Structures are given as structure tokens and as C-alpha cells.
Amino acid sequence: MSSEIKQILTTDGIPLEVSLKKAEKKNKIKAFLLVAPLLLFLIITYVFPIGEMFSRSIDDKMITNMLPKTFKEMEKWDGQELPPEEVFTAFYYDFKVLVEKQEHGKLGQRLNKEKNGFNSITKKLFRQVKRKKIDESISIKEQIMKVHKRWRTVEYWQAIKRTAPPYTMSKYLKGMDMYYAADGSITQVDEDRRIHRILWLRTLEIAFFVTLFCFLMGYPIAHLLATLPMKYSNLLMICVLLPFWTSLLVRTASWMILLQQQGVVNDFFVMIGLVADDNRPEMMYNKVGTYVAMTQILLPFMVLPLYSVMKTISPSLMRAGKSLGGTPFVAFYKVYFPLTIPGIGAGCLLVFILAIGYYITPALVGGASGTLISNQIAFHMKQTLDWSFASAMGLMLLSGVLVIYWIYNKLVGVDNIKLG
Amino acid sequence: MSKNPEFVKFDKVDKSYDGKVLVVKDLQLDIAEGEFITMLGPSGSGKTTCLMMLAGFETPTHGEILLDGNIISNIPPHKRGIGMVFQNYALFPHMTVYENLAFPLRVRKVEKDEIDKKVDKALSMVSLNGFETRMPAQLSGGQQQRVAVARALVFDPAVVLMDEPLGALDKNLRESMQYEIKHIHESIGVTVVYVTHDQSEALTMSNRIAVFNDGKVQQLSNPAELYEKPVNSFVAEFIGENNTFNGEVVDIAKDKCKVKLENSEILANPISVKSKGEKTTVSLRPERALINPTDKMDNMFTGKIEEVIYHGDHTRVRLNLLGSSEFILKVPNSTSNLELKVSEDINIGWNSTDARALDPK
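Residue numbers (this note's numbering), protein chains in the order written: chain A, 86 to 505; chain B, 79 to 439.
Among the hints, erroneous ones may be present.
[What the hints assert, rightly or not] In silico PhoX-like links for lysine-lysine, alpha-carbon gap of 20 angstroms or less: (1) Lys208(A) to Lys191(A); (2) Lys187(B) to Lys199(B); (3) Lys190(B) to Lys419(A); (4) Lys198(A) to Lys146(A); (5) Lys294(B) to Lys187(B); (6) Lys154(A) to Lys246(A); (7) Lys186(A) to Lys154(A); (8) Lys419(A) to Lys294(B); (9) Lys157(B) to Lys419(A).
No lab work stands behind these hints: they were computed from the structure.
It should be emphasised that the depicted structure is a prediction, and the values quoted were computed from it without experimental measurement.
Use the sequences and the hints to build the structure in full.
Listed below in C-alpha cells is the structure:
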């Protein structure tokens, strides 16, 4: 028997496959042209910015471009003892160019970040070069070493060598409270300065609990929505959606009014005698405020996917479960609940991912203990102007979300998610 | 073994959903043990409501439902031990066939070996052995239906309720499933309460049929009696085809009455008319009227053929007879077929016993 499949021909002798491709080619082109604008839009607004963010976060070309000759010579240097004459000479000529371009100050600042003390010794060297005190005909190494004793110290030259690669992961390490030590090894910062790790953990924790609260509150609401007669369920649906249509800022601001120490909720607690007037609990500018406001704001994202899944579950399934002898709880747990898992999956994923990158609400009601990693990113974008660090943290957040999505896919299966 | 003739008893049951309209009115119905009873009626006639009350998903507004002598109105559905087959099967889509069938046994804490045995037995009953690991979505409609039947029977319930279980199947499959369900019923002797709006289904399967209309049982009898001897014009109209004449009783005897139509008189069998002067609707099955009768018959008339429609096994003839052009005749097709031509006159005759004078429409 021949293993080859006999080629099927159309009536005019063209192979069927070729003919089919030809027939569908036009449609394929049409389809592509239809989605092309959107594709372009996605590339411009999504792929490019993320690529730009990535390149900014690892970019360290400044010194690489400032000291090209030096780094070329340094390749031959093993980094154990003081570099040879050639490195010093190359450094001198690089530095001279910088002095002419008046960029030596930037070099000093940047190197100072790598190792303290660079700023002053580059200034000293600058003065020597400016006054043309360096004699290019004799050993430049000797002359530079005389400028300051630090130029004679091997650690400073090692620091320069570390800046040689055009790319660096130091921003990412910083995001995890780590840095490159003098010998190039990765070291943790002192315990009392590890702020980012706390923020990451807090972001995860708040996102997790907000998701949990949304689930606990959203599930019964969605069930009610799906089972009530149309005339009531429409009203309830509007109640669920109304906050959805209100500006995020307005909603957060109204939570501020409600939760502040002289606010409505506290007044009510005092009125019913739950707390003393002079001992009003702080419900804002801490985690409580963040939890309350974020749960309320993200609730529709849990309710809607759950609702759309529950709507498709026939009420006769619960009846079947009961008529077959299951108590209402067993019928719910064994029949109804497993069928809502796609909705739970979609809702939880949506809420969690939205919560993990939430910004406005924690910024307004979170205070010091209720802010999240996105607030930190915004801080570096707007206050310190360390965009590369902000980019690095943004990307870490993005990859964190992707990792969560991946784990989620392993546990629940993306096929099991139903968004609407 | 004596069978309990009042195994399921509806005792003066009323049901209203909104407090204004009674969906079920004063229902009195006894179902014997091992009986196959069908509740037949148009939609909105209250038949499904009765079934739901029996299953425990609705509570009677008034009256009691008894199962084997015990009042069950206050027992929740899961404790009634009544199997149910739903309209759209209601198989659990996330469970395999085996798990679906094992569900009622697992919640009853039956031993694993016992479950295997019972599931196997139930599946062989509907000839679906080997389908244990399939998911419901991988089964055809007919197979899903059988799984649903097997699931309702697997825990040996005393009563099985079926709510239009064959509604979603195509005609051929529906017919074969009717026989299958009938045979299962015969072999295991379970009491079945079956709800349908399809009269041929009801006639095929049931021991007795309760015809529902307007929240009331119009007639409760076996299929033959229901078809041959409808007690009122609703039943006559609903079950099978029939020709009707509206008129007034002018003379009445024990088993015959004379009904005056618009411009003629016919002899009929007085069923629900008692005295002269009453309005009545006379019902006659189309196959009871004969063409060119050889014997002497009570009613002999001549009509004009308006339409001849060939139906395969029989031919339908529409006649203009006694002032009505809607008189239908069913003529079986045989080799010695009559030459029936439109606008020809033909002689028709029927016996007065077959013409039932019922309540006026």
C-alpha cells in the first residue's frame, strides 16, 4: 500500500489544495486588511511602549559612550591590581574630550552612584586637565595617581569597569531591594531600608484579599441577579452598574467622606454607642480604607462574569440535584458551584489583575500603610524622575501579572474562563 | 402481591401562584402502584404544576398530596425519594455518565461496589454500557435522554416523574424512545407519572391518561376509552381528529337522540345531554364515517368532495356535508382504492353510537 495520499484534483486538473488556497486568498487578505488598523494601533500603543520601557529600564549606555577608549583598554585588564599605563592613558584622553564638551560633571555624578567619592576626585582631575597640568609626553598614570589618593585605589577603577556594559540589571535589583556590591556580587540592602519588598508583598496581599472580598460579596449578588425575575433583576443590575458608571475619583472621594474620622460611618458608630466619641477608629489612610474602597470599586468586575455564567446554568440542574436526593447544600456544592468555576476564574483574575496595579484609590485613601507598588512607580515617575527605575518596576509588575496568569492557567485552565 | 390503588393521591389540591388565578383546581387523582399515568393537556393547563407539586418543587395552596398513605406536602424534594426526568434532561454537564448515575447513590452513602453494580445495571437497562466515561456533551440527544432515564431509576425510586422528556428529540427517535420507556416500565414495574402535550405519545405509552385543561382533569381513563369515548367536547377535540356539528336536541331516548342542525337532523348518542332543547356539539371521528355504506346506517347523507389529500397510509377527504365544508373523512389506502375526485358527490353514512352528543362548544 502506498503511504502517499493520493492528490485530489479539481475538474480542471488543479490540485484541490491549491485551488482552495486560491479561492480563500482574497478573503484572507480582506480579513487581514480589516484587522490591520487595530493591529497597527495595538503595536503603536502597546508593543512599542513596553519595548521602550524595557530598553529604558536596562539602559546604561551613558558611561559606555563617555569612556569608549578606556573600556577598550580595560578589556585586557584583569581587575585585580591597579590597571596598566594604557588604561590610564585612554582614560585621560576620554576625559579630555568630556572636559571639552563640559560633560565631566555628569560622569562624576554617575560614577558617584557606583562608588562614593568619585565626584570630588573627578572635579580634582578636571582642574588639572583644564589647566593643562598633565604632561602628555611622560607617564600619564603617575600623574593621575598624584591627583588624589583615590585614583591610586584599585576599588575605584573596579567601579569604572563595572559600568562598562551598556546594559544593567541594577534597576531591577533595586526594585527587589538588592544591589551590586563592590566585587560585583548581588547583595541585599540593609534590613531597615528594604521598602520595595514590603510594597510588593503588601500589593499582593491587598490584591488577594480584595479579590477574596469581591468573591464573597459578588457570588450571592450574581446568583440573585441570575435567578430573580426580570423586573427585579434589572433594577438590581442597575444598582450593581451604577457605581461602575460613576467616576472613579468621585467614588473614592465619597469613600473619603464616609470613612474619615469625623465621617458618616464613624458618626454612626458613635451614635449607636459602638465606639467612644474621643476614640474614633481610623478607617482611612491605612489598609482598611484601601480594602473597603477597592472592594467596592472592583465588585462589578466580579459580579458581571459570574452573572453571565450563572445565567446559563439551567435551574433544572439544581432541581435535578435535589430530586436525586441531594440536600440543598449538596446540590449546590456538587452541581451548581462547579459549573460557576469559569465565572469565578474570570472574575478573580480580572479583579486580581486590576487590583495589583491599582493607583488612584490607594493613593487617596491608602495613606502610608495602604499604598501599593503602583504608587511607588508614580512617585519615581513624578518626583525623583528616575524613569528607568519606574520602568523597571512597571515591567516587574507586568511580568508578575503574567506569572500569575500562567500559574492560574495551570490551576484552572484558561479555557475554563468565561468573561461574558 | 396486592398493589396499592392509591399509591399516589392528590386530595383536593389547589394551586395558585399569584393569589388570583387557580392554576390547579380541586384536583382529585389516585395513581395506582406500578401504573404508567400520563398527564396530557395543552400548555398552561396545570399538568406540569401538578408534577412539580408531586416532586416537591411547588407547594399546594390547598389540599394534600399523599405518597403510599403518607402526607408529603411538608417533605423537601430530596427526602421524597422520587426520581425525575426533566424536559432538557438536566444532566450534570461537568460529570461523566458514570458520575451522573452515581450521584443519587453517593448522596445516599451507598458502598462503592454497590454503586458500580447499580450503575452498570441501570446503563444496561437503557443499553448504554461502555459509555461510563463519556461527558454528557459527547452524547447525542437520544443517548442523553437515556442517561437521564437511567439516572432517575438508578436509586430504585418508588415513583418516577417525567416532564416532557422526549420534547427535544426528532420524530423517529421520539417514537423509538416511547417504546423503550414503555418497556422499561413494564420490566421493572415502577410507578411512572408522565407529562406531555403530545397526544400520540400519551396514547402509546400510558395505562391511563388524565387530560388536563384549565386546571382540571377533564377525563381520566385508559387510552382506548379516551379516544373512543370522550366525555366532553374538549377531550374529543384534543385527542385525535373529529368532525363536529353544533345543534339542538329535539328528541331524546335512552341511547339515541335527535339533533337539529341548521337545515337537517341527525341521530346521535346522548352523552352529556339530558333533555330536549339543550344545545349540543356532536362529535364524530373521521374514520367512523363510511363511504357508500352497504349496510343500513342511522345517518345517511350525500356530500360533495371539496379536497383530496394523499397521506401515504390514508387519504383525507374534505367534504361539503350538511352545510359545513369542513367535514373530514379518513379513507385507508388499499389496492381496491376508490376513485375520489374533487366536486363529485358521494354517499356517507355513520352509526348514531359513534356520533357523541357532548356539551356545546
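* Asked: Has the given pair, Lys198(A) with Lys146(A), been kept, meaning a C-alpha gap of at most 20 angstroms?
  -> 15 angstroms, holds
* **20 angstroms limit on alpha-carbon distance, applied to hinted pair Lys186(A) and Lys154(A)** => It holds: about 16 angstroms lies between the C-alpha atoms, which stays within 20 angstroms.
* Asked: Would the pair Lys208(A) and Lys191(A) pass a check requiring their Cα atoms to be no farther apart than 20 angstroms?
  -> Given pair Lys208(A), Lys191(A) holds - Cα atoms ~11 angstroms apart, limit 20 angstroms.
* Measure nothing beyond the straight line between the CA atoms of Lys294(B) and Lys187(B); if it is 20 angstroms or shorter, mark the hint as holding. => Violated - the C-alpha atoms of Lys187(B) and Lys294(B) are around 40 angstroms apart, more than 20 angstroms.
* Starting from Lys419(A), check that the Cα of Lys294(B) is at most 20 angstroms away, please. => With Cα atoms ~38 angstroms apart, Lys419(A) and Lys294(B) exceed 20 angstroms; violated.
* Hinted pair Lys157(B) and Lys419(A), Cα distance within 20 angstroms -> Distance of about 17 angstroms is within 20 angstroms: holds.
* **Pair hint outcome, Lys190(B) versus Lys419(A) [Cα-Cα no greater than 20 angstroms]** => 18 angstroms, holds
* Asked: Under the criterion that the straight-line Cα-Cα distance not exceed 20 angstroms, is the pair Lys187(B), Lys199(B) satisfied?
  -> 18 angstroms, holds
* Between Lys154(A) and Lys246(A), does the CA-CA distance stay at or below 20 angstroms? -> At roughly 12 angstroms apart (the allowed maximum being 20 angstroms), Lys246(A) and Lys154(A) satisfy the hint.
Checked against the numbered hints listed earlier, the structure breaks hints 5 and 8; every other hint is satisfied.
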